[in-house]
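K.L.:
Take a look at the letters that make up each chain.
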Amino acid sequence: MSWVLHRVDDRLIHGQVVIAWGHRLNPRTIWVVDDASAANSWERDLLQSAAPGVEVRVLTVAEAAARYGEVAAVQGPAFLVVRDLATARALVEAGAAIPSFNLGGLHYAPGKEKVNEYIYLDESDRSAARALEARGVELVVQDVPASRAQRLGSLDPESAAS
Amino acid sequence: MSPPTPALLVMHADLAAALLRAAELVYGPIEGVEVLSNEGLSRADLEREVERRVAHWTSGGLVFTDMAGGSPHISCSAVARAHGEIVVVTGLNLPTLLDFLHNRDRFGVVELAERLRAKGQDSIRIQRGQKV
Chain A
531 MSWVLHRVDD RLIHGQVVIA WGHRLNPRTI WVVDDASAAN SWERDLLQSA
581 APGVEVRVLT VAEAAARYGE VAAVQGPAFL VVRDLATARA LVEAGAAIPS
631 FNLGGLHYAP GKEKVNEYIY LDESDRSAAR ALEARGVELV VQDVPASRAQ
681 RLGSLDPESA AS
Chain B
1431 MSPPTPALLV MHADLAAALL RAAELVYGPI EGVEVLSNEG LSRADLEREV
1481 ERRVAHWTSG GLVFTDMAGG SPHISCSAVA RAHGEIVVVT GLNLPTLLDF
1531 LHNRDRFGVV ELAERLRAKG QDSIRIQRGQ KV
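Those sequence lines, one after another, are chains A and B.
The opening residue of the first sequence carries number 531 in this note's numbering; numbering runs sequentially from there.
The opening residue of the second sequence carries number 1431 in this note's numbering; numbering runs sequentially from there.
Be a bit skeptical, because a hint or two may be false.
To be verified - Per the computed footprint, the stretches of chain A lying under chain B, defined by three or more beta-carbons under 8 angstroms from a beta-carbon of chain B, are: (1) 545-559; (2) 574-585; (3) 629-640.
Stated by the list, open to error - Away from chain A, derived, C-beta distances all over 10 angstroms, residues of chain B: (4) V1456; (5) P1459; (6) R1482; (7) V1519; (8) R1536; (9) V1540; (10) E1544; (11) Q1560; (12) K1561.
The set of hints was computed from the structure by calculation and includes no laboratory data.
We put the CB at the ideal spot given by N, CA and C, even for glycine.
Let's have the full structure, built from the sequences with the hints guiding it.
P.N.:
This is how it looks when you write it as structure tokens:
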């Protein structure tokens, strides 16, 4: 198995991931890395039902970091999805050697500033983004494969590592 | 006859509003059916909004979504978990919505949902072109 998409999206698994990216990259497996979902059996079932025909695993950050390197032994492309930049940062800092994240949906909440139609960030998001960039992790904004990919740092200079 | 079952349509972009408008052109004025778009909403915010819309349903209702696996369907399924009298039906189309409108005061929520699933599945048909 090889990692073909690492996605930051507050909807976790949903249409853009399963339909748009799924038809382009044909994942056999999707890892949802989210401590809260991993602790909730009903939520795990819900996420597993959201991607028919794909093996969905719901893991904690610690489990995913420990097992990130194992995937080469299994066949087929794989996606990894986290809900926010803080989780992405935690996963990388816990040892997962992730080269880049696709930023596909961080929606408006009070205190967040608009970067584009589907990315809103506050200072804690930007701090996580800078920490990821400082480790050499690329952050690319692109909701679906047909739209233009742009570096987060070019859209939002405050998110770029100095 | 029983009080008409309320419904909420939760779909991508403008689909729910467009479906309801199309149904009104065929059926006439419709009451007790609300629409909601997922556009620009995180899953948490979408769940909160669905929760708010169904909070006044004292004896249950139907939530219609457009596609299994989409954020409307996932969010509505999560909300329905805490509401025993709510049934989520996904894959709604115009004939199925019209069947709901014509039968919403004749069946209980679960029986109505089962009927709509059968009606919806039967509503997808093909007509091959012919050379004349």
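K.L.:
Could you work out which earlier hints the structure fails to respect and list their numbers in ascending sequence?
P.N.:
Failing hints: none at all.
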